[in-house]
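Student: Protein sequence lines, in the order shown, are assigned to chains A and B. Taking our numbering, the leading residue of the first sequence gets 7, the next gets one more, and so forth. Taking our numbering, the leading residue of the second sequence gets -8, the next gets one more, and so forth.
Where hints are given, some of them may not hold.
Below 20 Å or equal to it, Euclidean Cα-Cα: the simulated SDA-like pairs (lysine to any residue) are [said to hold, decoys possible]:
no., chain 1, residue 1, chain 2, residue 2
1, B, K89, A, Q43
2, B, K89, A, D65
3, B, K89, A, Y16
Covered by chain B, per the in silico footprint, the following chain A stretches (three or more residues, Cβ under 8 Å) [said to hold, decoys possible]:
no., segment
4, 15 to 28
5, 79 to 85
Read the hints as simulated data drawn from the structure, not as lab findings. Just so you know, even glycine gets a beta-carbon here, dropped at the ideal spot from N, CA and C.
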Amino acid sequence: EAQVTQNPRYLITVTGKKLTVTCSQNMNHEYMSWYRQDPGLGLRQIYYSMNVEVTDKGDVPEGYKVSRKEKRNFPLILESPSPNQTSLYFCASTPSSELAGRDEQFFGPGTRLTVL
Amino acid sequence: GQNIDQPTEMTATEGAIVQINCTYQTSGFNGLFWYQQHAGEAPTFLSYNVLDGLEEKGRFSSFLSRSKGYSYLLLKELQMKDSASYLCAAAVAGNNRKLIWGLGTSLAVNP
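Between the sequences and the hints, there should be enough to build the whole structure, so can you do that?
Tutor: Below you can see the structure in the form of structure tokens.
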């Protein structure tokens, strides 16, 4: 089944404890992206990757890191989480690195992160 | 700047028709997406318009006017399961090749 998977789905952690949220897609998509979604602020892009070893900042990259060593995986790393990073996180992938045309984004199920 | 506006909330009755509007101001416009998002779940793709006009897909239709910076999503024969948030997103061409997202319209379908 074509899908985007994220792990963990739920995580409660404490300030300063490094964590990684994994994202994997099995559709051979070039473009992958991380979003956070907060009430009243909508979906905001954190980082994106147009292909292997090509990553760039989105709108809210501070406090986050990513890597794209393989096409299918795009982990999100929080080196020192803080309470303002409490949010719902979505990974998404799309076939084309151009994000033009009808290339819809396929979203993972989401990771609800709470930082105490 | 780049901006998308859509109503925050709407209410409709089961079996009725509802229209959710979206206005946008972007540079290098490359099409308009609509996504549906049920509470606590991931957004799922509904439609994409890049040319002016109406595109129909079952109970859902989407319209675009590029000259007016305006789109709407039309939902017919509403069902309770259509209660969700509807997100409008504009594709912006350029180096970033990103989507500009609206905040979503929360639709409540009542019996």
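Student: Look at each hint and say if it fits the structure.
Tutor: Evaluated hints:
1. A distance of roughly 16 Å separates the Cα atoms of K89 of chain B and Q43 of chain A; the hinted pair therefore holds under the 20 Å criterion.
2. Between K89 of chain B and D65 of chain A the CA atoms are separated by roughly 10 Å; this keeps the pair inside 20 Å, and the hint holds.
3. In summary, the hint linking K89 of chain B to Y16 of chain A is not supported, as the alpha carbons are separated by about 27 Å, beyond the 20 Å threshold.
4. Chain B is given as covering the segment 15 to 28 of chain A, and this is violated because 0 residues of the stretch bring a CB closer than 8 Å to a CB of that chain, at least three being needed.
5. Check on the segment 79 to 85 of chain A: 0 of its residues sit with their Cβ under 8 Å from a Cβ of chain B, so the three-residue criterion for coverage is violated.
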